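Model the full structure from these sequences, guided by the hints.
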Amino acid sequence: LPLRLGADNQGGALFRGRLDEVRLYCRVLSREEIAARYAGREVNRSLTSAVDLSRYPVACRDGKLLADYPALVGHNDVVYLTPALYPFEALPLGNGNLGVPLWNQDGMYYKFNNGSFWRFLGQVTAQRSSGEARLSDSPGFLEDATDFKQRLSLYEGVVYTRATTPQGEVRVTSFVAQDQDLLVVHVDDRRSGPVRRRLTLSHWVEDVRFTGEDGLIAVDSWSGSPDKPPITGLPLPTTSVLAARVEGLPATVEAQKDLTISLDLGTGGPAEYTVYLAAPAVREEQGEPLAYARGMLEAAQRRGWEELLRENKRFWADFWEKSALYLSGEDATAEYFAQLWYLNLYWAGCQSRGPYCPKFDGGQFVLEKDHRSWGGMYWYQNTRQLF
Numbered sequence: 309l310p311l312r313l314g315a316d317n318q319g320g321a322l323f324r325g326r327l328d329e330v331r332l333y334c335r336v337l338s339r340e341e342i343a344a345r346y347a348g349r350e351v352n353r354s355l356t357s358a359v360d361l362s363r364y365p366v367a368c369r370d371g372k373l374l375a376d377y378p379a380l381v382g383h384n385d386v387v388y389l390t391p392a393l394y395p396f397e398a399l400p401l402g403n404g405n406l407g408v409p410l411w412n413q414d415g416m417y418y419k420f421n422n423g424s425f426w427r428f429l430g431q432v433t434a435q436r437s438s439g440e441a442r443l444s445d446s447p448g449f450l451e452d453a454t455d456f457k458q459r460l461s462l463y464e465g466v467v468y469t470r471a472t473t474p475q476g477e478v479r480v481t482s483f484v485a486q487d488q489d490l491l492v493v494h495v496d497d498r499r500s501g502p503v504r505r506r507l508t509l510s511h512w513v514e515d516v517r518f519t520g521e522d523g524l525i526a527v528d529s530w531s532g533s534p535d536k537p538p539i540t541g542l543p544l545p546t547t548s549v550l551a552a553r554v555e556g557l558p559a560t561v562e563a564q565k566d567l568t569i570s571l572d573l574g575t576g577g578p579a580e581y582t583v584y585l586a587a588p589a590v591r592e593e594q595g596e597p598l599a600y601a602r603g604m605l606e607a608a609q610r611r612g613w614e615e616l617l618r619e620n621k622r623f624w625a626d627f628w629e630k631s632a633l634y635l636s637g638e639d640a641t642a643e644y645f646a647q648l649w650y651l652n653l654y655w656a657g658c659q660s661r662g663p664y665c666p667k668f669d670g671g672q673f674v675l676e677k678d679h680r681s682w683g684g685m686y687w688y689q690n691t692r693q694l695f
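Heads up: the sequence shown begins at 309 in our numbering, then just goes up one per residue.
Among the hints, a few may not be true.
[Said to hold, decoys possible] Keeping only pairs whose Cα atoms sit at most 27 Å apart, straight-line, the calculated DSS-like set for lysine-lysine is: (1) K677 to K565; (2) K677 to K667; (3) K630 to K372; (4) K565 to K457; (5) K372 to K621; (6) K667 to K630.
[Stated by the list, open to error] Label pairs and their calculated CB-CB ranges: (7) P447 to R339: 36 to 42 Å; (8) S681 to S631: 29 to 35 Å; (9) R369 to E676: 45 to 51 Å.
Treat the hints as calculated values from the structure; they're not laboratory data. The structure displayed is predicted, hence computed values, not measured ones. Quick reminder that beta carbons are idealized off the backbone N, C-alpha and C, glycines included.
Set out below in structure tokens:
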């Protein structure tokens, strides 16, 4: 079998040779298995999962599934024990239309992709990102952490971040509100030493507009095209807005610099505060875009982050109780496929409930500006699977 491995984008750095056999595994092999197979022997791997799935029985009575859904779904949570420093490690949050991947690039980093905003750039009208937000501090709690855990709770649709530092513990709760394109970030920072905090919004397209006034910062982008996107007959929103306001800390608008604008949240000790970030795609009939986003932020503050969190949890609890999958086997392969099923269903719930289909090459979780990549298995027809 002729085989080429390791080619770079220019076709160089090739390995050329012949292999007698190629095997693909969906799990990490132990050293014993590698040595045994090198010697031509097979080793049956026993179940190594730390969780006994027999504790999560699924039954059916009177046509209704009976299961411990928080435990059954929670078994598939994504947990990081070190900060997610790169975009490809991002954890997804979403409400069906707004997708927000989260990672830990110089703080808590969020990217906003509203599935209803299409913009003409270059020669293509396509779904475009609304911008990015970074919540940073100095000294950084991620760099100083002696213990770290970041959990994507599938059952709740929430990312919980916890870091222990020599000065105290920091807890961050992040989620996208239901029925409104709004990210909520609640921070409980118990560090004793003086900490300087800042919230920054950024973009990469030159013609976006930045605004800073009365403790609010925003970036908005006009669609640049009055035409409808080719895959839907729905009216096209004309403007994307990303606007932010902080509750619980004094906030001073800093002058725009390059393609960023920031809120200086001051310097102090222990603090508990909430960041509200509205990211709507605004239609002409909905009025002035920035005023619309400001109204969203004010309404969210009146309700409070705890009520918005309870509403989010209620949606996801109802979402998961519509179905369940329970698989087990001797070598954990069945469990692995069940985990993929839960993750895929969660992604669908995050991006496939809006007025527009998620675009097939990245959906609402584009990580690098507006760049999208086509894999070998993607084509227009795959949009049906995502929607």
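Evaluation of the provided hints:
Only pairs whose Cα atoms come within 27 Å are accepted, and K677 paired with K565 is accepted, the gap being roughly 19 Å. Proximity of K677 to K667 is assessed by CA-CA distance (about 15 Å); at most 27 Å being required, the pair is judged to hold. Distance restraint check for K630 and K372: the Cα-Cα separation of roughly 9 Å lies within the 27 Å cut-off, and the hinted pair is therefore satisfied. A hinted pair counts as satisfied when its Cα atoms are at most 27 Å apart, and K565 with K457 does not qualify at roughly 33 Å.
With a C-alpha separation of about 21 Å, the suggested pair K372 and K621 falls inside the 27 Å cut-off, and the hint holds. At most 27 Å may separate the alpha-carbon atoms for a hinted pair to count; K667 and K630 meet this at roughly 25 Å. Judged by the Cβ atoms, the range 36 to 42 Å given for P447 and R339 holds: they are separated by roughly 40 Å. Hint check: S681 to S631, Cβ distance near 30 Å, so the stated range 29 to 35 Å holds.
Taking the beta carbon of each, R369 and E676 are about 48 Å apart, inside 45 to 51 Å as hinted.
Comparing the model with each earlier hint shows a violation of hint 4 alone; every other hint is respected.
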